[in-house]
Amino acid sequence: MSHGQPHDHCQGLRLAGEEVVLLGQRALFWPRRSTLVVADLHWGKADSFRATGLPLPGAVVDGVLAADLGRLDRAVEATAARRLLVLGDLIHARDGVTPALTAKVAAWRRTLDRRGVERLELIPGNHDRHVSQLPPEWQVAVLAEVVDEGPFRFTHAPPPGADSAGAPYVLAGHVHPVARLRGGGDSLRLPCFHLGSRAGVLPAFSELTGGHRLGRREGDRVFVVVEERVVEV
Amino acid sequence: MPTAEDRATEEDRTTAEVGAPKGATPGGGPAAPDWQDAAPGDLADALRAGIGDFFARRGWRPFPFQRRAWDAFAAGRSGLIHVPTGAGKTYAAFLGPLAEVAAEAIRARAEREATEAAEDQARREAGGKPRKRRPGRQGSRPGLGLRILYVTPLRAVARDIEAALRLPVDELALPVTVESRTGDTTARLRRGQKKALPEVLITTPESLTSLLTWPDAAERFAGLSAVILDEWHELLGSKRGTQAELALARLRRFTAQRDGGAPDRPLRTWALSATLANLDEAARAAVGVAADDDGVTASGDPPTVVASDLERPIEIDAVVPATPGRIPWAGHLGLTLLDEVLDRLDPARPTLLFTNTRSQCERWHQAIRDARPGWVARLGIHHGSLSLGERERVEAGLKDGTVTLVVCTSSLDLGVDFPPVERVFQIGSPKGVSRILQRAGRAAHRPGETCSVTCLPAHAFELVEIAAVRQALAEGKVEERQPLPAPLDVLAQHLVTCALGGGFRRDEILAEVRTAYSYRHLSGEELDWTLALVEDGGGTLSAYPEFHKVVESEGLYTVEDQKIARLHRMNVGTITSDAAMQVRYLSGKRLGTVEESFLSRLEPGERFMFAGRVLELARIREFTAYVRRAKGRPGSTPRWMGGRLPISPALSDGVRRALGRVGEALAAGVSAEVAADDGGADGGEGPFPGEPELAAALPILTAQARLSRLPGPGQLLAELCRTREGHHLFLFPFEGRLVHEGLAALLALRAGRHPDAPATTFSLAASDYGVELLSPEPFPWPQVLASEALFTTADLAADAAESVNLSQLAKRQFREVARVSGLVFEGYPGMRRTARQVQASSSLLYDVFARFDPGNLLLAQARREVLERHFEVSRLAATLERLSGAELLLEETARPTPFAFPLMVERLSARLSAESLLAQVERMKKQWAER
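The listed protein sequences correspond, in order, to chains R and F.
With the first letter of the first sequence counted as 1, position 141 gets the number 141 in the working numbering; the numbers rise by one all the way through.
With the first letter of the second sequence counted as 1, position 688 gets the number 688 in the working numbering; the numbers rise by one all the way through.
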């Protein structure tokens, strides 16, 4: 893995004194703890739409999940992470957790063991209100809503105000950040990592998610994800 | 096909005849008409005579076209009535059916009374007392059930129509009930209608569709004998029109089922229009087509076209600024000419100021109010997003004379029994000939009278458009409205409607839908795909039992889930509008609706302009925005989707010819100064007799000629220009925005294929006059423009399809397709928070569909709609042929010219790129570094 090359598959940097790697697969890797961090998977979102009567084609339902799981696999392979930490919104809604989805995720979950991922952990988010009913075969360890570890505070929604100095650096999801790039009369909207001085927000992992532009403050670093590469903008 | 007789001219029309009854029964004073004594068989005839009586008492006499329409209806025919606004279409269509229904009602009442009398007699003979009977609602219930359905495109005019239809019913004391059912109808009346429908119902296409979801719809509509489609041109050519066509196909089935398929009074459909070019097609779309055995459709009985050549002389003039050059080069509000308009307004004379958009309407209302505070009491605002109460207040004021100046949109275009106003202003170019015909009809709503409209140019080129409109009117050019070919999104919605309304069977619904003109070529496969979409989401790869919108059991398709039923009924009306949020005062009083996308950007405490008032957002709860009155300046004015109107093809041709006239004059040595001295602005002779607008447009056109060129007929102007944004190509075919949007994408695709072309990304823009292709790096335009491959008609269909895909123009169109087919879920008042979890943007859905289900027919439909709208092959081919034959004028300009400038503010969201996404990101980064 090469670090620091512009627009490579990943981008290494120091965050709160720790070495972390931003991956083009919309994930963050924390080497010291061998932890791969992702946010907002929204599993079963397409299924949930269908359950409500919105006619999403089966090919789309299957395609979104397959693409997301494939990307997650590539991130695991690239990092050889032993632990997968989800910063909330693992599932989209209870009615989206269909037997078909349960079976597909369970099959994928079994392959994690073979690839050396020992734990799949979840910090519950607003969409995970029914986590107690997550299928047991997914083997998800549910953590507290706020978890402090090393210099980091993992949580689902980034805190609204500025934290006091000395507080842990927050890593969160929830807002599905996107950045808008402009050049001449041209513009693009892309999912991004938005790293502020006290908190960093991960891009939404699922492809079936919209996004919000965040106000950019002095000193914030923004890395867009494009074609599974990371480009600082 | 219509016969010559059907189209007979109005040989005996003169204004003198109005009030001089000839063929009609002379007015019989105030005495009640006495047809009750008529023999049953002659009853309808007697009633038709009574209609003459009704006319005579008001000092009218029926026009020959009205009599022809009544006779055609009585003879069992369907068709189209095409006469100018205000000529009496409504009564031409309504009184024939009314006579029939009234005859039936009177007979029914007589029979009932006879039976009751016999009963009473029997009781008395048996020594008892006559039974007490409760009079039904309005004295006539139990009624006959629904007989006449009057469909209007605008719910705002439903009440006017109701009043007009009630007039003969009340005056002739007919035992017939007239009611409306629209989005404005009160819950109480709705409940009454749920029990029993009136004999005559006025409704909109959306409300009609929602009536078809009633489980007993077949029974409710079985007795229908007439459907009247008012202002059919407003519906035709839109998905609302398609929705109406499908509803009519359903009604035809319901009525054909009664009496074993051979009713003595068949369902007859009559469409009404004042401004249409393609009458026969419009009539066929209204009446439907008969399906033959092998499923290929063929027309059955030819529809009757009742036309008249009643004249409606229209005079058009323009507000021309005293100082030339006061009008801006671009923009669409037109407020720079506010003072000129204020000078011409007279609050003592009833006046309508038509605007092209609701947003413009709000801004003008505010501007007039601020400039003339003394007029506030007489000033009103009227548009379709205002609540019923707000609209009614203004309409009532207009009728009783307390409100004399109304700023409005097309919400006041239509409708009958509207007090004629003295003056009509059109703010901004009317953009089409039909529109000005409609609006002019508001001044002096009487056949034969001259109507005049004063147009106000919003920017300098609209002066040319106004001159072009006048010329097109003089030549009798009116726009065509083409029915849409088989949109599957509307069909998907309709299938759910039918499943709710009693259910349907596959083969039956196929035959039924094919009787709708738009779907006459619908294939069995297309129906099956749409059926699968609403049945199981069209899932082919795996079984999804969770999805169960429509369920099939023993061949019958129905909806079982009440949640889905409710959701569908909510969404029935969403063909035309985006998610709209209610706006209410904190007290609960309704003001109207504003698109959610606007309100969601506001913070509590922010001020905005709506319903002619400055409001402050208090809070948003359950899809309702609560506001309070505020003082001071509003921060913003809401904008509603679909605001901007492109100029019509009929008009774009006129604009090219008007420019040609200016070019000739300039070549002959006319200058702006000379034109002004000649009094061109006052309508004097000047260089352009009868066209003072062209004289007024001379300053900007001479500036264009000085900075670049003014293209004449047979010439194509191309301008190259470099700005901070990048490298621009401007091209001016003057074909109207719809064609230009397609042309821009097509040219970008073809330019990128030139051997000298670097891989680049084009940002596209299109206006009514031209296209812009903007590239970040220099592009070898001189070579590319000289190449024959750019404007060739070879491979046009394939290239057009490819440019649709690459430019993502279809993404925009998919928004509508997704909404209509039920893919995108709209919010509604009281929506629970969890319902938000099933909302996704249509552009996100477009992306995942394109990636995971590229063969999806709804995607295909969005692409097809773009192809039809912007790449209509025959029109695009004609454009390309004209351009390839034109002399190319290639000019490099130091800055954007008067022609180019408006294009720079009209950038499309479309782009067409030959670079990878990553390369685009890199290029943008490089551009920032250079800055």
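Derived by calculation from the structure, the hints in this document are not laboratory data.
Mixed in with the good hints, there may be bad ones.
To be verified - To be clear about the criterion: a stretch of chain R counts as covered by chain F if any three or more of its residues have a C-beta under 8 Å from a C-beta of chain F, and this derived list gives those stretches:
id, region
1, 23-34
2, 186-193
3, 207-221
Unchecked claim - Sample of chain R residues lacking proximity to chain F, with all beta carbon distances greater than 12 Å (derived):
id, residue
4, Leu13
5, Phe49
6, Arg50
7, Gly53
8, Pro57
9, Gly58
10, Arg182
11, Gly183
12, Val226
13, Glu228
Idealized CB from N, CA, C, for every residue including glycine.
Can we trust that Gly53/R is non-interface, i.e. its beta-carbon lies farther than 12 Å from all of chain F?
-> Given a closest Cβ separation of 4 Å, the condition is violated.
Check the non-interface label on Phe49/R: least C-beta distance to chain F beyond 12 Å or not.
-> violated, 5 Å
Confirm or reject the statement that Gly58/R sits farther than 12 Å, beta carbon to beta carbon, from all of chain F.
-> violated, 3 Å
Find the nearest Cβ of chain F to the Cβ of Arg182/R and say whether that gap is larger than 12 Å.
-> Violated, since 7 Å does not exceed 12 Å.
Non-interface label on Arg50/R, tested against every C-beta of chain F at 12 Å | violated, 4 Å
Status of the stated non-contact between Glu228/R and chain F (beta carbon gap over 12 Å) = violated, 10 Å
Counting residues of the region 207-221 of chain R with a beta carbon closer than 8 Å to any beta carbon of chain F, are there 3 or more?
-> Held - the region 207-221 of chain R has 4 residues with a Cβ nearer than 8 Å to chain F, which meets the minimum of three.
For Val226/R, is the shortest beta carbon distance to chain F beyond 12 Å?
-> violated, 5 Å
Non-interface claim for Gly183/R: all C-beta distances to chain F beyond 12 Å?
-> violated, 3 Å
Interface exclusion of Leu13/R relative to chain F, criterion Cβ beyond 12 Å | Holds: least Cβ distance 18 Å, greater than 12 Å.
Coverage of the region 23-34 of chain R by chain F, judged on three or more residues with CB within 8 Å = violated (count 0)
Coverage criterion applied to the region 186-193 of chain R (partner chain F; beta-carbon cut 8 Å; 3 residues) = holds (count 3)
In summary, the numbered hints that this structure violates are 1, 5, 6, 7, 8, 9, 10, 11, 12, 13.
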